[in-house]
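Novice: Just so you know, the protein sequences line up as chains D and A, in that order. Going by the numbering used here, the first sequence runs without a break in its numbering and finishes at 187. Going by the numbering used here, the second sequence runs without a break in its numbering and finishes at 367.
Any given hint could be a false lead.
[As the list claims (entries may be wrong)] Estimated spans, in silico, between C-beta atoms of each pair:
1) 37/D to 342/A: 20 to 30 Å
2) 250/A to 167/D: 43 to 53 Å
3) 70/D to 342/A: 18 to 28 Å
4) 47/D to 250/A: 35 to 45 Å
5) 261/A to 61/D: 42 to 52 Å
6) 275/A to 64/D: 46 to 56 Å
7) 88/D to 315/A: 43 to 53 Å
[As the list claims (entries may be wrong)] A few chain D positions that, by computed beta-carbon distances, are all more than 10 Å from chain A:
8) 109
9) 154
10) 173
[Claimed, not checked] Incomplete in silico selection of chain A near chain D, CB under 7 Å:
11) 222
12) 227
13) 236
14) 237
Just so you know, these hints were derived from the structure itself, not from any lab. Computed from a predicted structure; not experimentally measured. The beta-carbon is built from N, C-alpha and C at its ideal position, and this holds for glycine as well.
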Amino acid sequence: MKYRMRIVPLALFLLLTIGAASAQDIAFSIGSWSFLPDAAGKLPAESPGLFPSFGVTYGITRYLEAGAAMIPRLTPKPFDDIFIEERVGLSLFGERVKASGGPAVYINSLLEAGFLFGAHKVYSGAPDYSRALFVRLTPITLGNPYYGRRDRMLSVGLVYDYDANSTSLFLTLIASDFYLAPAPKVH
Amino acid sequence: MKKQSRGTVLLLSLAFLSAAAFPAFAKEKASYYYSVSMEGFSSPLFSAAEYADFSASIEFAPREDLNPAFSMHYLLPANPLSIGDSLAGISLDLTLFYLGNHPLAWMSPRTTSLAPQVSAAAYVPIADPENLRYTLSFSAFRLFAGYGYFSFGALSLVLDSSFALSGWGLRLFDFSYLRF
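Bound conformation, chain A alone (with noise of 0.2 Å):
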C-alpha cells in the first residue's frame, strides 16, 4: 500500500473508531456544525494566497472534556482565487475541556467557555488527489458560547506524504455554528 494511502487509512479508522466508542460514554448526544475560516500557510505544499475553509463536522460529546468531532473540508484559495487549486480533507478533532472561567470572556458579552482544541487533518488538491498532505493544528484561543465556537490564532504544521515536517499554517479566524 502506498504511504500516502496508509496516512488516510489510519485517519479515516482513528475516525471511525471514536465515532463508535465515544457516544456510548457521551451525556448528551451527538451535534452537527459548520465552520467557515480564514487561513494562509508558510510552505511550498500550499500557494500563498488566503485560504476560505469550509467544513461541516459532528461532534460526539457536545460540552464535554476530551469532546472527539470529525469534520469534512473543502479548502479554497480566495485570495486570489483559484478553484483549481481547491482541495478536499478530512479532519479528527478533539476539544480538550471546557472552561467557565477564563481569561478571554471579556471578548464576548455572553457568557463563554474556553475550549481549546487539536486537529489533525489530510487534504487532498482536488485537480491532483494523489497528492496528500497533512496539517496538526491547536488552536488554544476558541470560545464556546452556546450557538457555536468562534476562534482565533490557531497554529498549524504541515506534513507532506512521508509526514516530514514542510512548513507552517495560521487560521486567523473560524466562526462555527451548531445546527441541532
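Chain D on its own, in the form it takes in the complex (with noise of 0.2 Å):
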C-alpha cells in the first residue's frame, strides 16, 4: 500500500511532465457542448440552452494530450449550470508533434476520456451537482501546435452519469485550440 502510495501520484507526475509541454504545445481551446437528452428524455443540464466551453490543451507525448475546461450555461440563464471536465486524448492517425519540431501530420483524429463535474440550478433553485464519465471521438482535427491552431470537428460522445445511472450523447460541432506559440503566417 505505501509502495502504490508513492508510485501512482510519481506516475502521474511523470506523465504529465514528459515530453516538455513548451509554448508550442500549450493551447487556449474553445468550443461547443451539445447535450442530447437520455433514454428517458432527460438531459444532463435538465433543460436546453447554449453551452461554450473555455479550456486549455496542453501535449504529455507525441501522441498524447491533456487539457481541461469550463461549460458554462450562456442561454438562456446565463451560469445557472456550470460544468468543468478534465480529460485526455490519443491522435489516432499520427503524431501530434514531431521530436524534431517540424510540421506533424495536419490532419488527424482524436480519441478522448474524462470526467465530466456539473452544478445545476447555481441560482434558480436548489443547487445541485453530477459526477460524469465520458469518452468522445473526433473524426477530424485540422492542424496542430506547430500551425499555432487546430480545429476539431463533428465531435461525437458519449456521457455516463453514475450518480443517475444514465447514458446520453453530446456533440461538439467545432472547437479551436490556439497554441500559445506563434506559427508561421500564411498568406
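Both chains are sitting in their own frames, so use the hints and assemble them into the complex.
Specialist: Take a look at the structure:
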C-alpha cells in the first residue's frame, strides 16, 4: 500500500511532464457542447441551451495530450449550470508533434476520455450536482501545434452519469485550439 | 397597415435602397457568401434550444469600409430538433471597417482583417408568418480571411413586433464562405 501511494502520484507526475510541454504545445481552447437527452428524455443540465467550452489543452507526449475546460450555460439563464471537464486524448492517425519540431500530420483524429462534473440550478433553485465519465471521438482535426491552431470538428461523445445511472450522447460541432507559440503566417 | 407589416416594409425598403445606392460607389463588384452559425436566445419569443442559422448573403462593397450586405436566413431549433418551430428571416448587415493590424491576429495562421458588423433582422415563424420579431446584432469579434468570415460571441437584442425589448441572444460562432 505504501509503495502504491508513492508510485501512483509519481507516475502521474512523470506522465504529465514527459514531452516537456513547451509554449508550442499549450493551447487555449474554445468550443461548443451540445447535450442530447438520455433514453428517458432527460438532459444532463435538465433543460436545453447554449453551452460553450473554454479551456486549456497541453501535450504530454507526441501522441497523448490532456486538457481541462469550463462549460457554462450561456442561454437562456447564463451560468445557471456550469460543467468542469478534464480529459486525456490520443491522436489516432499520426503524431501531434514531431520530436524534431517540424510539421506533424495536418489531418488527424482524436479519441478522448475524461470526467465531467456539473453544478446545476446555481441560482435558480436548490443547487444540485452531477458526476459523469465521458468518451469522445473527433473524426477530423485540422492543424497541430506547429501551425499554431487546430480545429476539431463533428465530435461525438458518450456521457455516463454514474450518480443518476444514465447515459446520453453529446456533440462538439466545432472546437479550436490556439497554441501559445506564434506560428508561421500563411498569406 | 399593421405595425408588423410596417416594420417589414421598412426593413425591405432599406435593403433595396442599399442595394441600389452602394454599387455605384463600390470599387469591386458584389460578392456572395453562405453562412452557418450556432446561436441561442434568452427571450420568450425564441425557445431555449440551440439554433442553427443557415443564410445566404450578398455584399455590395467587398473589403471596403461600411460594406452593406443583404441576407436571407433559415433559423432552425437544432437541439432539441423542432423543424415545425423554425423561422425564416431577412437582415441588413453592415461591415463597419476592415482593420489589417488587429489584436486578434493570433487566432489564425492566415493573414486576417478585423471586420466588425452590425445587423438588423426580421424573423417570422414558418408556422405562424404573422408573428414578427426583430433582432439587432453587433459582431465585434469578426475576422475576414480571404476565403470568408469567421466570428464568435456576437450579441443581439430581441425586439417584439412592436419593437419593444424582449430579451437578448448570443451567436456562439459564425462561419461564412465566399462563393464569388
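Novice: Any hints this thing doesn't respect? Which numbers, in order?
Specialist: 10 and 11
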